[in-house]
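Q: One-letter residues, chain by chain:
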Amino acid sequence: MSGEIDAVYIYDEQNAPLVEHVYRSRPPSASALLPLYLAHAEPRPSLLYIPSASPPVTVFSTVESNLLFLAISEVDTEPLLALEFLHRVIDVLEDFVGAPLLTTKIQANYDVVAQLLNEMCDGGTVCNTEPNALQEVVEVPGWMGKLLGGIGVPGTSTPTLGSTNPLKQSLAAASASQGPAIPWRRPGVRHTSNELYVDIIESLSVTMAPSGRLLSALVSGTIAFTAKISGVPDLLLSLSAPGGQHVLGRKIELPVFHPCVRLARWKERPGELSFIPPDGRFILAGYEVDLLPIDPDQEEPPSHMEKLFLPAIVDIRKSLGSSGSEFEVRLTLNTNFPGQSSSSRPGVPRSGSGTSTPSFLSGGGSGSSGPALEEIVVSVPISKSVRHITDMQASRGDAQFTPSSGLLEWRVPTGKDAGSLTGTATLRCSVSGYPSADDDFDDSVEDADEDANANLLQGYYEAPTSYNDASASTSKKTRSSDPSKRKKKKKKSTKKSSRSAALHPEDAEEDPGAATSPSPNPSIPHTPTPPLQSQSQFNAHLPAFFAPSSTSRPTRRTKAQVNASLMPNSASVSFSVRGWLPSGIKVDSLNIDQRRSRGLGESVKPYKGVKYLCVSNRGVERRC
Amino acid sequence: MLETARELTLEAAQSAAINRTSSTDYTSRTYSPAHIKKLLDSRHEREVLDGMRKVISLMYRSEPSLTFFSAVVKNVASANLEVKKLVYIYLVHHAEAEPDLALLSINAIQKSLTDSSPQVRTMALRTMSGIRVPVISQIVSLAIKRGCGDMSPHVRKAAALAIPKCYRLDPNTLPQLMGYLEILLGDSQYFVVGPAVAAFLDLCPDEIDLIHKHYRSLVKKLVDMDEWGQLATLRLLTFYARKCFPQRTQKVKRTAPEAFYDDEKQQRDNQNDVEEYEVQVMDPDLELLLRACKVLLQSRNSAVIVSVVRCFLYLGPLEYIATAVGPLVALLRTPQDMQLIALYNIVAVALRVPKPFAKYTAHFLVHANDPPHIWRLKLEVLTILFPHCGKHWKGVIISELEHFSKGTDPELVRESVRAIGRCAQADTSTAGMCLRMLLGQISSPDGNLVSESLTVIRHLIQQDPASHKKTVLQLVKHLGSTTHPDARATIIWLVGEFAGIDPENNIAPDVLRILMKGFADEMEIVKQQIVLLGAKVYLHHLLQNPPKEQPEQIAPQPFPEVPAKSQQEFHNEWTDNGNDESQDAERTEEGEQNRQENGGAETKETEEATEDRITLLWRYLLLLARYDTSYDLRDRARLYKSLLETPSSTQLANLLLLAPKPVPHAPSPSETRKDLLIGSATLVVGSDAGYHGLRGYTNLPDWVEPGQEPDPSLRTEDVKPDTSINTTSMTAGDRLDKALREHKTTYIPSRGRNGTAMPLDPAGKKTLDQWLQEEEEETETESETDSEEGETDSEEEETDSEEEPGSEEEDDESEEETDSETEAVHKEAQQLLR
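First to last, the protein sequences are chains A and B. The numbers in our numbering rise by one with no breaks, and the one at position 559 of the first sequence is 559. The numbers in our numbering rise by one with no breaks, and the one at position 50 of the second sequence is 50.
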């Protein structure tokens, strides 16, 4: 069997069962399954086989707006089918009860949710997932409800009304008997104001070598379309790119289309999308553009790489300062977007209705003509052996280090008061590793150098399990060069280490006086190595370190070396640019084929809007 | 217009009212059961609906809602569609708990099966089959039978969906159900066929005889089906193709590739030609399928793409799968949860056909925010693609791996080092580069990295020991500085394994000597290796200096000049260090130990001294091990001791210690999944799913043997009358019924509009001549049946609207348009198919 969904479970933010819909057989209940699912360490893969459940099940999972969606199957089901189904469920629910999905919205619309889930899958076979078709069979809290400002309004178009409208019913009957002529569009669509919107969103992902050379630059694009137009319109959307039509065909790679798009037309003339849209918002097409096409068989590194324009580039210089414990992040911004001499956007900004598309569309538009670079965040993954980052000095914006996620985030403001964006901003930080909190080998430690060496290993293994040394958090430079002072402090911590088990999670950095009561921090991710084991492993192999002492003593690692191992080795920058696309693709025209369209008056000139958005979600990545 | 305006105001007022009431109702979570019961018993539909909503909310909140069963079931006959829907949902959910009460509702549902509205009929059929009370299986079966003949495709679809449910109720209904399936599989509506195929897969996936005559129509409808129907059909057809199209190869001359599809004649001609090569001959029906699949590669549904890939990979020649690789890689654009599954499939495909993926190497670069399960697979893809890339990309991949091996995530470090090893293994031209890089890692302070690098180095050395003698030397140098026990153990093992082979350049005894000094402080795992090394050294020593035998054994062995030199330097350095001590030890015990050393008398004087020491070393080592705290180590030492007790019989020891080790091969981690079916959950779960995979997992059958396949004419024969499916097997009466049904299908709108609910069996309103004519028209051509049908439909629709003067202009127009649109779609689909 290709796919059988036994049940769909939805859990709320606190992982309490929210919706439990069983399609077939008797899968484990939502509350019984959850602990088994959560038993798997994070991050959980989207497919989990749980043999301990009764009966054994495979669980397909996805998370949307903090709600956990699970699809359960007892038999071998195509995983992508189950996941696609879950995503459709999410889209449809967003469509019907409003995006973003909230627990309260779902609770207030249980009857709608029940009908939807019932319609979308019948006895384990996925059968009807077209939003337009579902609108036919499930009464919606329709536009009328939205008009009245109600969220969570149960079905507005009442059954009494439905039965008093013989025309509507007869039409429905007609379509029911013939089968839907266009499966994705519901018949008899009427809008008072006809509107068409095209949103092209491109997501940029660039990888740069330590030298600054580009390794790859990929763009994945999505064309989201909103059609609020009466009758059955036949639309023609033409795209263009710098260099002409024939370039476009080669440029847009691996496109996928909504079923409404006529593939033959695209094949014949790449860049032309001819289609009858569904009513409402939908993803018309997806594509990708390789900004850096490299022949796989190429022997020499390509030379044309430097031409690529990027609005933000990040760089890291490591091991600075006297002890090599500092690093500097340099962010180079450039807002001189190529090919943006004048405003070319036909429409004015609007607030997206954001149903099935990513929510970033719903941000308000800017009235300015040029592309706007926004939401610049530099993320630097920090090694787990780094205890704290001090002295964060940013020339612009402010930075924050969250030890639990091991991420240093630096936000650079882009508002009007930020002035000109173009230029370089820097962030300088110094890192400090873990002090020698472990005292079991205290006796064997003879000098500070070895201590430092041990520290490194310890920090490496113990990152999530060690606890704060009271002394360390007070001194900025943890690797203090005064050995006597160190020893004293160590003794202090010996007492507590004897009673506190190694399993205690790391204390929050913000709590310097936590020596007495290590408070567990649940958000700290656990490393795959069980803490106890690593502890013993470390302690045990310490003698081995001294073992070959009679031959050549290992070269002592200097402070600089220790610090070098604490340095970050990559940085990435996230940003969004409104009004600019890295691929240079543009909407050339959007026309209604009057000859083939029906139900739309000749005189009606629908309002058309086009929006471009480039996002990079930690997409520009620099190795170092 | 006025009418609609009034409606709108009404609707607005109502929704406002609901809004007001509901805002209070839904926030207060507790409803008194009495209140709900009262609502359900109310005579006002509105109140009943309200009550039902509350019951459903309770049900979804997992609060007790079973108490309302009788009150709810009463409403099953409600005329209100909304109420009915909710009652049905409740009924299906709870019927198992209250089978007796549920049976009371069956009558009302059965009545709804003959309702004039197709929507009501659909719901009734779906609900009835969903009630899990086995007693009603016959009634359900009958309902399905009626549904199969319904004029509304929605009802027929519901019938198809009900078939597996009925089968689960009572497996004895299988023969009847298969009969219904046969009808539904030949349905002209693509969205009836999709669920029918799904039902077939659920019910009787091996009964391929049912498929033969529908094969071509299924292939043709594939493009038009919805995604879920496509998935089921692709699966069915992939299995079908394996069972029905034997793999035929044909010898073809290299110069005449155009003779590809010609038959035996061509083959005979080529028989005596020298430059022959075998070409796979594709069945035209199989080619039809593969071509139809190509269009689906632009589907937005990732599962469809993987299904097409599966179809191409297992059925088609290489050029097909090459076209599907791009769309498969494009699945990396999907959200992370799907990306993971896509990557599993990519790995499985890339293991079989790596070449086409090389173009997309850039897609597999690991990003900083990839979770472990994603980067693990990406690294694997990179190593698989490595030998197929150009120099540029090879360099990029290696430096990427090197970058990650210096990272801080221990898992990532380990995986990337292993990946480097696999790269070196797969492409010998870069093996040297990889090895150099790995050797560089050994001095890293990161113990994890060091031990993992050493493991990989060991594998590389073992694969080609002859050319890595120097590498072993280099490793020994690191022994002094490496603290990681695994790393030390690995190096010591390597020394024992390879350095002892060449007797003239033997550094092993010296390494052993130095190691023994720190013996007490070593980890157990290292101690074990030291003891093993000692045993090997001693054994080599015994073999080379057998008591009074073959003195000239060593002499003719030539050895290269250069390594010997470096060896010498090394040797001196080490001996200088500890010469005094060992000399002392030697002197004290020389007398006792001398008894086996006679064999060495024939070699030079200087060597005799060192040989002497080896025995001493061995004794000393045994002594050390004997008093070790670990009993395991003591046992091992005892074993070796007794093995090597008698110097003259070394055969057993030789077998045990010096047996050639199998060359370790580090395969791609997913190599074990290679044979699992693409697109299945078992592929992702892997070995955890057990030997047979997850329940319900079936791998593709092997290609059918030529000559065993079903007659191809089975497919051609019945495909022509697409709309009147199985003329041969139908009785005349059945054919009459069928024609009438079709007649009904086209004329239902007018009926619906008149509002008169007609009985289901239509007394012949048309004359016999008329329907005969119609059938002829429909069966005229084979290829154009679909569009033909679309045309007739739209024509009839037009006449209908003419008959209806009161209907609204705009809506009618749109209706008409939709029909001509279908036609367009059909035509287009056919163009694509050609």
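Any given hint could turn out to be false.
With a Cα cut of at most 30 Å, we get these calculated DSS-like pairs of lysine-lysine [claimed, not checked]: (1) A:LYS267 to B:LYS243; (2) B:LYS294 to B:LYS406; (3) B:LYS294 to B:LYS355; (4) A:LYS559 to B:LYS674; (5) B:LYS111 to B:LYS145; (6) B:LYS111 to B:LYS37; (7) A:LYS559 to A:LYS228; (8) B:LYS517 to B:LYS661; (9) A:LYS267 to B:LYS294; (10) A:LYS105 to B:LYS37; (11) B:LYS38 to A:LYS318; (12) B:LYS243 to B:LYS674; (13) A:LYS586 to B:LYS145; (14) B:LYS477 to A:LYS559; (15) B:LYS145 to A:LYS105.
What the hints contain is simulated information worked out from the structure, not anything from laboratory work. Just so we're clear, the structure is a prediction, and the values are computed from it rather than from any experiment.
Q: State for each hint whether it applies.
A: Here's how the hints hold up against the structure:
no.: 1; hint: A:LYS267 to B:LYS243; result: 34 Å, violated
no.: 2; hint: B:LYS294 to B:LYS406; result: 43 Å, violated
no.: 3; hint: B:LYS294 to B:LYS355; result: 20 Å, holds
no.: 4; hint: A:LYS559 to B:LYS674; result: 48 Å, violated
no.: 5; hint: B:LYS111 to B:LYS145; result: 15 Å, holds
no.: 6; hint: B:LYS111 to B:LYS37; result: 25 Å, holds
no.: 7; hint: A:LYS559 to A:LYS228; result: 66 Å, violated
no.: 8; hint: B:LYS517 to B:LYS661; result: 29 Å, holds
no.: 9; hint: A:LYS267 to B:LYS294; result: 13 Å, holds
no.: 10; hint: A:LYS105 to B:LYS37; result: 25 Å, holds
no.: 11; hint: B:LYS38 to A:LYS318; result: 74 Å, violated
no.: 12; hint: B:LYS243 to B:LYS674; result: 22 Å, holds
no.: 13; hint: A:LYS586 to B:LYS145; result: 54 Å, violated
no.: 14; hint: B:LYS477 to A:LYS559; result: 25 Å, holds
no.: 15; hint: B:LYS145 to A:LYS105; result: 41 Å, violated
Hints 1, 2, 4, 7, 11, 13 and 15 from the earlier list are contradicted by this structure; the remaining hints agree with it.
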